[in-house]
Amino acid sequence: MEKVIKIKNGVYWVGVLDPDLEYFDIVWRTPWGTSYNSYLVKGNGKIALIETVKEPFYDEYIDKLKSLVDLKDIDYIIMDHTEPDHSGALPKLLKEATNAEVIGSRTAITFLKGQINRDFNSRVVKDGDFIDLGGKTLRFIMAPFLHWPDTMFTYLVEEKILFTCDAFGCHYTPKHLFNDLEDDFSDAYKLYFDSIVSPFKPKVLEAIEKIRNLPIDMIAVGHGPILRKDIEKYVETYKKWSLYDTNTKKKVLIYYVSAYGNTRKMAEEIGNGIKDSGVIDVDIYNAKAVNLDDARDKIEKADGLLFGSPTITGDAVEPIWNVIDRINPIKNRNKPAAVFGSYGWSGEAIPLMEERLKGLKLNLVEPGLKINFIPSDDDLEKCRDFGRIFASTLV
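In the working numbering, each residue carries its 1-based index in the sequence shown increased by 1.
Because the hints were derived from the structure by calculation, they are not lab data. For every residue, glycine included, the Cβ atom is placed at its ideal position computed from N, Cα and C. Treat each hint with caution, since some may be false.
Stated by the list, open to error - Estimated spans, in silico, between C-beta atoms of each pair: (1) Gly136 x Leu365: 23 to 31 Å; (2) Asp120 x Asp71: 39 to 47 Å; (3) Lys250 x Glu102: 52 to 60 Å.
Unchecked claim - Straight-line distance between alpha carbons at most 20 Å, and here's what the computed DMTMM-like set of lysine to aspartate or glutamate pairs gives: (4) Lys230 x Glu301; (5) Lys299 x Asp386; (6) Lys266 x Asp284; (7) Lys332 x Glu382; (8) Lys332 x Asp378; (9) Lys276 x Asp304; (10) Lys266 x Asp71; (11) Lys4 x Asp26; (12) Lys241 x Asp284; (13) Lys67 x Glu84; (14) Lys211 x Asp128; (15) Lys73 x Glu23; (16) Lys251 x Glu367; (17) Lys176 x Glu23; (18) Lys47 x Glu23; (19) Lys252 x Asp298; (20) Lys176 x Asp231.
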């Protein structure tokens, strides 16, 4: 699927495919590759381009555009989002589309100034602003933090197309462009939400509320298949994934690593103290034995986190750092946390873990607990009290 595709009257897909992409933003797996979707909209008097593509695909992209228009006839380039997989081709394009005005949110235009590094013709738009192309009206809907602060949606009123950049899309290389013609891509849809969108669930709900009363025949996404069938199902799925279940018991996770069983004993007794609340579930994991991707997902859903490590050569040990490194500071900001561990003669693991968790924006609700060598009965009671105090911050 390497040709221009007409998706509605006067509206064309001019994107490119990247089936060999293995990772997005360095860390997110893309086992199905992706597409960089861009759209050309022809009105009776004006022409608008919505989004561009990643810079390495510039030549292929420009050939598609030139098959439809003289680049000097493009009046507007709508930048719903300015991450380089959407804006990468823009600096070169502006050298050829010399009459184009770049349209975006205030934040988008600011970001583009840092990417283009020269003067360009631009206009900041706000919620509800519109551009008349002549028989085709583009209306702008601010949707910040889906998933960058610059994000907005563009709604083509007459054709009932909602252009959503990264929202409702997925990293998936379409064979036929439209969702009703593709094989099942639900796994890609969920992986994309979890990886890219889920840190911003409240913003998802705000955006869905803004578009709730719009008549929508098509959602033209930034990546993956265009949605033209069962649109409500995809929107409701986003809503369901973004709602927090307030009816379940709270969950605390304890991750520990233990050389001689001493930190493990502490973890177990701290867990018992938390369970004494009667309203909190506790799961305890040996950090050496966990799947780190699973740990990341569990951490996101947890209400509180504790990490335990002995001190070995003046540091916490690698397995606990590996788990801590899976903490996303956006998803877990202000989440209650605490640290603990046994030590022989120095105990640096405790302050080092605390420093890292503070850097990740977690809320350390009590000072770390250190026990010298093997915990005594009195020490274990201190551990239980430590757990009770931690639980009190959640109830």
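In ascending order, which of the hints set out earlier in this document are inconsistent with the structure?
1, 2, 4, 5, 7, 8, 10, 11, 12, 13, 15 and 18
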